[in-house]
Structure formats: C-alpha cells, structure tokens
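Participant: Take the sequence shown: its position 102, counted from the start at 1, is 102 in my numbering, and no numbers get skipped.
If you are wondering where the hints come from, they were derived from the structure by calculation, not from laboratory data.
Don't take each hint at face value.
[What the hints assert, rightly or not] Simulated restraints on C-beta separations:
hint: 1; residue 1: Phe56; residue 2: Ile166; range: 25 to 31 Å
hint: 2; residue 1: Gln89; residue 2: Ile25; range: 23 to 29 Å
hint: 3; residue 1: Ser1; residue 2: Ile35; range: 26 to 32 Å
hint: 4; residue 1: Gly86; residue 2: Ile35; range: 20 to 26 Å
Glycine included, each C-beta is placed from N, C-alpha and C at the ideal position.
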Amino acid sequence: SNPDPLGNSGFAVSTFVSALHTGAIGISSGAPPNIVVGLALFYGGMAQVIAGGWSFAINNSFGAVVFTSYGCFWLSYAATLIPSFGISQVLSSLDAETRAHSLGIFYLAWVLQTFIFLLGSSRRTWGSFLTLLFLLITNTLTCAGNWIQSEHVLHAGGYMGMITAIIAWYTVAADMLTTETFYCRLP
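Please model the entire structure based on the sequences and the hints provided.
Facilitator: Okay, structure coming up:
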C-alpha cells in the first residue's frame, strides 16, 4: 500500500489551516493559533510520522525522511503552542525582537531542510517537486516575516502556504484517483 496519500493529506490539511491563520484569512490578525494544535499533533504530526514509517517499510527513503521530518515539524510546532510544554510562556516573556528572531531561526532551519528535500525531489513527480518548491517559498516568507517582524510578509507566507496545500492535495488526488478507483488518471 502507498503511504504517500496519507502523508500528503496530513501535510495539506495542517498546512492549509495554519496558512489561513498566518494569512489572517477568516480570523483577526494575531489571534491565537489554538485551532492548529489538534491538526499539528494528530494529522500533520502523527499521521505523517506513520506515513514515514510505512515508507521506510517499503524502502522509500525519500518518503520516509520527508514525511517523518515534516511530521516532527508539526509535532514541534504544536509543542510551542501547548502551555504545559512551557515554550509559549518562555517566548511570550521575551522582548518582541528576541521572540521574532527565535521563530525566524526555527523557520530558517526548515527553509534549509526544505531546500535539501526540493533537490531530492527533482526527479520525482511534479506534484512532489511543486509542493516542496512552494513550501520553500512559504517557509522563507514565514522566516523573514518573523525575523523582520512584518505582518505583511507573514500574510504573504500564509497565502503561499494555501497554494502549497492545494498542490499537496492535488498529489493526493493523483495518487488516489487511479484507473482502478476512478474514471481516469490525473497527470
């Protein structure tokens, strides 16, 4: 069985909801991202880690590393929002510039990681390549928006995140809607 649709679905849904929040679409800017926590823990986090484990089992090292890594991204992101971890309290006690730089550093690491994954996806499907390309742009904007404390740049990151999620959903559909399950195969 192919674990890619599960991993990409968890990624797409979590990214989309987080991007709506970051882009301040449908909610006020600066509202707490609590709605993201459940998705980050279970669908973006746990489901992607499971998909990564299944990818290891079928000797798909690219899928294993990418899904497990982004699953851990979502789990670590959720940890920053869960009060019992203490991370949110520490961040809120910092001055605005230090807090912004801390978040910027977090996203900078994921910019670098995503760039490596993008290179590794260059000979895979267009859906994988485009998802990672747009995720690289999303993470870069989110990193920069945090670092320079620009709400406009963060919102741009949110908009790019929505596009990233839509591309990831396309890859889910392309993987699941085969000639055995649907009337045609998506390119």
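Participant: All hints, please: hold or fail.
Facilitator: Here is how each hint holds up against the structure:
For phenylalanine 56 and isoleucine 166, the hinted distance range of 25 to 31 Å is satisfied, since their beta carbons lie about 28 Å from each other. Taking the beta carbon of each, glutamine 89 and isoleucine 25 are about 28 Å apart, inside 23 to 29 Å as hinted. For serine 1 paired with isoleucine 35, a C-beta distance near 31 Å keeps the hint of 26 to 32 Å intact. The hinted window of 20 to 26 Å between glycine 86 and isoleucine 35 holds, with their beta carbons roughly 21 Å apart.
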